[in-house]
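2 protein chains.
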Amino acid sequence: MKLLRDKVMTEGIVLGDQVLKVDSFLNHQMDPLLMKEIGREFARRFQDEGITRILTIESSGIAPAIMTAMELGVPMIFARKHKSLTLKDNIYVEKVYSFTKRESNEITVSKKFLQEGDRILIIDDFLANGEAAFGLARIAEQAGASVAGIGIVIEKSFQPGAGLLQEAGYRVDSLVRIASLENGTVSFVEEVHGQ
Amino acid sequence: MKLLRDKVMTEGIVLGDQVLKVDSFLNHQMDPLLMKEIGREFARRFQDEGITRILTIESSGIAPAIMTAMELGVPMIFARKHKSLTLKDNIYVEKVYSFTKRESNEITVSKKFLQEGDRILIIDDFLANGEAAFGLARIAEQAGASVAGIGIVIEKSFQPGAGLLQEAGYRVDSLVRIASLENGTVSFVEEVHGQ
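Taken in sequence, the protein lines are chains A and B. So the first sequence is numbered by my numbering: it starts at 2 and just counts up by one. So the second sequence is numbered by my numbering: it starts at 2 and just counts up by one.
One or more of the hints may lead you astray.
Any copy will do: because identical chains look the same in the list, a pair fits if it lies in one copy or spans two.
[Unchecked claim] Distance condition first, Cα-Cα at most 25 Å in a straight line; then the derived DSS-like pairs of lysine-lysine: (1) 82 <-> 96; (2) 3 <-> 84; (3) 82 <-> 3; (4) 89 <-> 3; (5) 82 <-> 22; (6) 82 <-> 102; (7) 89 <-> 8; (8) 112 <-> 8; (9) 96 <-> 84; (10) 22 <-> 112.
These are computed hints drawn from the structure, not numbers from a lab.
From just these sequences and the hints, can you work out the full model?
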C-alpha cells in the first residue's frame, strides 16, 4: 500500500534494529484519512471471504479495525488485556506474551459476541512475533468460529510471526512488509504483484 | 441523538443504580455505522469551533474519536494509561483516578503532538465523575492549547462529572444524558431543544 509505505518512509523513526516508531500516524497520534484508506484496503483484500466479524485487541488495533468494519458493514470486537483474572465466567481467555514489555497478559472476549460459524478477520497494527494474533485466533476457534485471515498494518518480516502464522495455516495479509531496520534504514520486502 | 438513545434502550443492561453496560455496541463490540453517526454528530456540534486536534484516552474513546477526527479532517491523539512511570521525558503526564477500578493511573501524551494554540476537542465514551476528562484537559492546557469542548457519548448526569466540568468553564456536549438508572430502568434527561 503505497500511501502507507510513504508514511513509514517520511515519518517512521528507526530505533535500533528491532523497533520502528510510528506514533505520529498509527499508534498514538492517528491520521484519520490514512486509517480510512487502511480500512478500505483490508476490505478490498478480504471482500470475498464472507467476513461476519472483525476481531482486534486494545488499543492500537481499534482504529484500523473499526475502519475495516465500517467498509465491510460488520461488527468489530476488541479483546481486552488484563494482568490476570480471577473471574472467568462467560469470557474466552487466552494468554499472550509481549516480547516488547516482557510480560504475559490475559486477553479476553465476551462469549456472547462470537458465534459458531462466524468468519473472523483479525486486524492488528503490528506483527512481530505473532503472539497477539495467535491469541486472537485461538479465541475465535474456542468459539467455533473460523479465522478467514489476519490483516496487519505493518509486518516486521524479519521477525518470526508472519512465518509461524502461515505455517499454522492462516492467511496473513500485511499492508507493508519490512525486511530490515538495520543501519537505521527501513527496507521493504519487494512486492511481486505491485501494490 | 435518537439512534444512540434507541440503542441504549434496546441493548443497554442496567447493573445496579450506577452501572450501564453497553458492551454490545460501544465498548467491547462496536457497531461501525453507529460509530460513524456518532462522529458525524460530534463534528456537527463542534464544526464552528476551529478544532485542530481530537484528544481521547485508550481504549473505548478511540473509535468515536477517530470517527470524529475523520469528519472534521484533523488528527486524533489518544492518551495512554500507565500504572506509574519513571521516565517522563518529552511527555505530558497527569494523574487520573478511576472510581470504577479504584486505582490511580498516569495518563500521558507525547509533547510533540500538542502545540500551543491548538484547539482541542476531547472525546470520550462515558462521563461519570469527570476524572479522565479533567486529566485530558489539563494535558491540553500544559501544552498551551485551549479546550474547545468535551464531547461525550453517554453522560451519567446523576454523577458529578458534567457539573464539575461546566463549573470549571468547559463546554460539555453529550449525545445522550442519563438521569437515573434506578429500579433497573434507564431514564433520560429531558432535552429541551429536541435531538
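Now the hints, each set against the structure:
no.	hint	result
1	82 <-> 96	both (9 Å within a copy, 21 Å between copies)
2	3 <-> 84	neither (38 Å within a copy, 38 Å between copies)
3	82 <-> 3	neither (32 Å within a copy, 32 Å between copies)
4	89 <-> 3	neither (43 Å within a copy, 35 Å between copies)
5	82 <-> 22	both (22 Å within a copy, 18 Å between copies)
6	82 <-> 102	both (13 Å within a copy, 14 Å between copies)
7	89 <-> 8	neither (41 Å within a copy, 27 Å between copies)
8	112 <-> 8	between (38 Å within a copy, 20 Å between copies)
9	96 <-> 84	both (10 Å within a copy, 21 Å between copies)
10	22 <-> 112	between (34 Å within a copy, 15 Å between copies)
Hints 2, 3, 4 and 7 from the earlier list are contradicted by this structure; the remaining hints agree with it.
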